[in-house]
Amino acid sequence: MRRFIYIICVMALVSCEKVIDIDYHDADSRYVVEGSLSATGTEVRVSKTNAMDDNSTGSDVDNAVVVITGDDGTTATIPFIRNGYYRSKFKGIPGTQYQLDVKVDGHHFTSTSTMQRTPRMNEFRLVWKKMLTERYLFGDLRLQDIPNENNWYFMHIYRNGIGYRWAVMKDDKNPNKELQQLFTFFRDGAKDNDVLKDGDELKIVIRAIDQRAYDFLYSMQNMSNTGTNPIENFTGGCLGYFSAHNQIEYYQDFYYKDAVEDDEE
Numbered sequence: 001m002r003r004f005i006y007i008i009c010v011m012a013l014v015s016c017e018k019v020i021d022i023d024y025h026d027a028d029s030r031y032v033v034e035g036s037l038s039a040t041g042t043e044v045r046v047s048k049t050n051a052m053d054d055n056s057t058g059s060d061v062d063n064a065v066v067v068i069t070g071d072d073g074t075t076a077t078i079p080f081i082r083n084g085y086y087r088s089k090f091k092g093i094p095g096t097q098y099q100l101d102v103k104v105d106g107h108h109f110t111s112t113s114t115m116q117r118t119p120r121m122n123e124f125r126l127v128w129k130k131m132l133t134e135r136y137l138f139g140d141l142r143l144q145d146i147p148n149e150n151n152w153y154f155m156h157i158y159r160n161g162i163g164y165r166w167a168v169m170k171d172d173k174n175p176n177k178e179l180q181q182l183f184t185f186f187r188d189g190a191k192d193n194d195v196l197k198d199g200d201e202l203k204i205v206i207r208a209i210d211q212r213a214y215d216f217l218y219s220m221q222n223m224s225n226t227g228t229n230p231i232e233n234f235t236g237g238c239l240g241y242f243s244a245h246n247q248i249e250y251y252q253d254f255y256y257k258d259a260v261e262d263d264e265e
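Numbering (UniProt numbering), first residue to last: 1 to 265.
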């Protein structure tokens, strides 16, 4: 019975996706806005999807007017750089709510996000765990929850610079204490491209995000189950989301010798 309960608990912690690849389910072409505001600057990508009966790739948008406004009175117009990207050194301040306005071809899209404080990682380790009759390698990530406030986190693991696993988590299960996220890497003996190799570089990006960004990303995790788009994060009818966040990065080279056996009985 203890083993059964343990397996159920592990599966509850393992809620991660392999890569962020949004395949929007729409019959008509729609604008997509993906906005990011951090302590290092601002990046917004504006693009347009194709209708479902159009087999060509989506198109970048280079004629949008992109403006960020904070509730502290700050404002900045984000200039177009290239390939649908708009970038600026405009930085976010924790506790400030920012509004992203995008105007293009008579359309006006708006979203808001509140900048969060910097997250803190306690530990990352590689762990072999027995799941029923199979043995799996997990990435075991431990965060120290930001104290005395509600928090939401986005975690993204890259393998040699390419997205490998990601997940979102909120602190409601263990507020103000250590939080755990397990990433399923691969089954022992597997031979597919997901299997890590000695010397692979792992980069772990941890973001403290607000609830609106969390709700969007959480709904995106469920896209394959529901067959629908993520919830709307913008007004005005576009797809995508805006997130003001603080983030940390951690690097570790992968070696099988560093993986430990799970000590749970």
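Treat the hints with caution; some may be incorrect.
[To be verified] When the alpha-carbon atoms are kept at most 16 angstroms apart in a straight line, the in silico EDC-like pairs for lysine to aspartate or glutamate are as follows:
hint, residue 1, residue 2
1, 129, 263
2, 203, 140
3, 48, 28
[What the hints assert, rightly or not] Have a look at the derived ranges for each label pair, beta carbon to beta carbon:
hint, residue 1, residue 2, range
4, 189, 72, 49 to 57 angstroms
5, 106, 186, 47 to 55 angstroms
6, 99, 190, 41 to 49 angstroms
Because the hints were derived from the structure by calculation, they are not lab data.
Model, not experiment: these values are computed from the prediction.
Every residue gets a Cβ at the ideal spot worked out from N, C-alpha and C, and that includes glycine.
Structure-based check of all given hints:
1. 129 with 263: holds (9 angstroms)
2. 203 with 140: Distance ~14 angstroms between residue 203 and residue 140 Cα, so the pair holds.
3. 48 with 28: Distance of about 10 angstroms is within 16 angstroms: holds.
4. 189 with 72: 49 to 57 angstroms: holds (55 angstroms)
5. 106 with 186: 47 to 55 angstroms: holds (48 angstroms)
6. 99 with 190: 41 to 49 angstroms: holds (46 angstroms)
When held up to the earlier numbered hints, the structure conflicts with none and fits them all.
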